[in-house]
Amino acid sequence: MKITRGAVVEEAGNSIENKTGTWRTFKPIIDYNKCIRCMVCWEFCPEPSIYKEDGSEKPAPNEALKKLPVPVIDYDYCKGCGICVNECPVKAIEFVKEVK
Amino acid sequence: MKTMLRGNESVAYAFKLARIDVFPMFPITPSTLVPEMISKFVANGELDAEFIPLDSEHSAISAAIGASLKGARVGTATASQGLALMHEILFIASGMRLPIVMGIGNRALSAPINIWCDHQDTIAQRDTGWLQFYAESNQEGLDLILMAFKISEDKRVLLPSMVGLDAFVLTHTMEPVDIPEQSKVDEFLGEFKPNYRILDTKNPATFGAFGSPRHYMEFKYAQHLAMQAASHVIDEVFEEFERKFGRKYSKITEEFTEDADIVFITMGSCTGTAREFIKMKRKEGKKIGLIKLTVFRPFPKDELRKALKGKKVVAVVDRNFSPGFGGAVYGEVLATMYGRDEPKIIDFIVGLGGRDITFDTFEKILEITEKGLEGSVEEINWIEVDKEAVEKEEMI
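For the protein sequence lines, the chains are C and A, in the order given. For the first sequence, the working numbering gives the first residue as 1, with consecutive numbering after it. For the second sequence, the working numbering gives the first residue as 1, with consecutive numbering after it.
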């Protein structure tokens, strides 16, 4: 953040510099062998810090699912609220204590 | 030409002369006549400004911030409980570096409810980051409001200012006041050009955003520097004002101090009484001097250290008190003079809640101060208080 008089923010979209991932106590981890690519976690993430990755080489429960976009968690901004863990219909997201 | 004006009218005329663009307000005794006058000026077409009546002082100062952010020159007026209600927003105005100027009718705070004069209201806002000026007379009230705009809007400062006029003693009392010519004031003040503007589509920016622990302290350091800069800018503006309008101002005004052993420090309207009292006593051969404090923030440390060098006893006349410590001006003077053997500094709490400060008051102050020349006296002295009645009730 540039120090300006009166704390005015001159550039748009600079909240990206504030990496809120450091706030996390618990960390969600997606098990791609269980993930059915339904994107419910992506839809519910309030941050949002889950994005869609196309052409991913991540593993999948079956070959057909490998053709779909994959949800990927951006740990720079995920605050560890656990909403994705709660919403995942196939329980494919683990919630483990953050180790720093 | 001089016109008979009440202190509130002085403030209103100063705002008119400064050609304020916006006047957000909520009326409160004893400063209500200021918004009344501004509303008249606007209705008569004498002043091209937005007069915004709001639901509270909290909203009035918030509206002032919004208007100032758009680049408007903003004035408002309040007192006592009204100023206290503005408290949290005052920090925002200074933190956002907005040169708002506010006229205050210095009034006591409840409880018990009291509408008369003391300095408790502005003293309680000491740490909000506003510059603070105190007027001795209605002329000073008018002049200080004009100068406050020039100081606040200076690019080296960009901080808001409050100018205090003693409730009733000044706000409601007629005095001859020289109203400067509009053209001369225009020349003196110029136009307000803000650093940033809200709703400027060519230069979009975010105002009032979040400042994390990584950045917050830098903004506070910036305010510290701005207060230091204000100290120099005040001197410059006071000098320029004297050149243009012929009236001399300084952060502290010394009178009869050259040969004085005893110095009284006063703030506001009681300075006039102190001056006449000292003149009388000097005829009796008593070496008493007077220092009037016009600027309380930034506190004129260097000036006071210079002025008090070689003096024996200083009597600080406080029209306020910080419970659990003593008078606020006393505290500042004590801190300023720390580490120096002389002078001895004694505190006098006087005139709270509109109790008159008279020759008798100063006679009692002098009596204790003279004792202080020889031996030890109380640190904090409450003058003209029915101590017996209070102490009985407080089980002392």
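Be a bit skeptical, because a hint or two may be false.
What the hints assert, rightly or not - Computed list of lysine to any residue pairs in SDA-like fashion (alpha-carbon distance at most 25 Å, straight line):
hint : chain 1 : residue 1 : chain 2 : residue 2
1    : A       : LYS248    : A       : PRO180
2    : A       : LYS155    : C       : MET1
3    : A       : LYS220    : C       : GLU43
4    : C       : LYS19     : A       : SER212
5    : A       : LYS202    : C       : VAL9
6    : A       : LYS155    : A       : LYS248
7    : C       : LYS67     : C       : PHE44
8    : C       : LYS79     : C       : ASN18
9    : C       : LYS79     : A       : THR336
10   : A       : LYS301    : A       : THR336
11   : A       : LYS248    : A       : SER212
12   : A       : LYS70     : C       : VAL8
13   : C       : LYS91     : C       : LYS2
14   : C       : LYS2      : A       : THR206
15   : C       : LYS2      : A       : ASN203
16   : A       : LYS70     : C       : LYS67
17   : A       : LYS70     : C       : GLU10
18   : A       : LYS286    : A       : GLY375
19   : C       : LYS27     : A       : LYS220
20   : A       : LYS70     : C       : LYS58
21   : A       : LYS306    : A       : GLU254
To be clear, the hints were calculated from the coordinates, so they are not data collected in a lab. Since the model is a prediction, treat every value here as computed from it, not as a measurement.
Hints, verified against the model:
1. A/LYS248 with A/PRO180: holds (14 Å)
2. A/LYS155 with C/MET1: Holds: A/LYS155 and C/MET1 sit about 22 Å apart, inside 25 Å.
3. A/LYS220 with C/GLU43: Distance of about 40 Å is beyond 25 Å: violated.
4. C/LYS19 with A/SER212: Answer holds: C/LYS19 to A/SER212 is near 11 Å, not above 25 Å.
5. A/LYS202 with C/VAL9: Holds. A/LYS202 to C/VAL9 sits at ~14 Å (cutoff 25 Å).
6. A/LYS155 with A/LYS248: Status holds; Cα separation ~24 Å.
7. C/LYS67 with C/PHE44: holds (22 Å)
8. C/LYS79 with C/ASN18: Holds. C/LYS79 to C/ASN18 sits at ~12 Å (cutoff 25 Å).
9. C/LYS79 with A/THR336: violated (48 Å)
10. A/LYS301 with A/THR336: Cα-Cα ~6 Å, so holds.
11. A/LYS248 with A/SER212: violated (44 Å)
12. A/LYS70 with C/VAL8: holds (13 Å)
13. C/LYS91 with C/LYS2: Not satisfied, since the Cα-Cα distance of roughly 43 Å exceeds 25 Å.
14. C/LYS2 with A/THR206: OK: C/LYS2 and A/THR206 at ~12 Å, within 25 Å.
15. C/LYS2 with A/ASN203: holds (16 Å)
16. A/LYS70 with C/LYS67: violated (53 Å)
17. A/LYS70 with C/GLU10: holds (16 Å)
18. A/LYS286 with A/GLY375: At roughly 18 Å apart (the allowed maximum being 25 Å), A/GLY375 and A/LYS286 satisfy the hint.
19. C/LYS27 with A/LYS220: Between C/LYS27 and A/LYS220 the Cα gap is close to 35 Å, so the pair fails against 25 Å, i.e. violated.
20. A/LYS70 with C/LYS58: violated (52 Å)
21. A/LYS306 with A/GLU254: Measuring from Cα to Cα gives roughly 11 Å; hence the hint holds.
Hints 3, 9, 11, 13, 16, 19 and 20, counting from the list given before, are not met by this structure.
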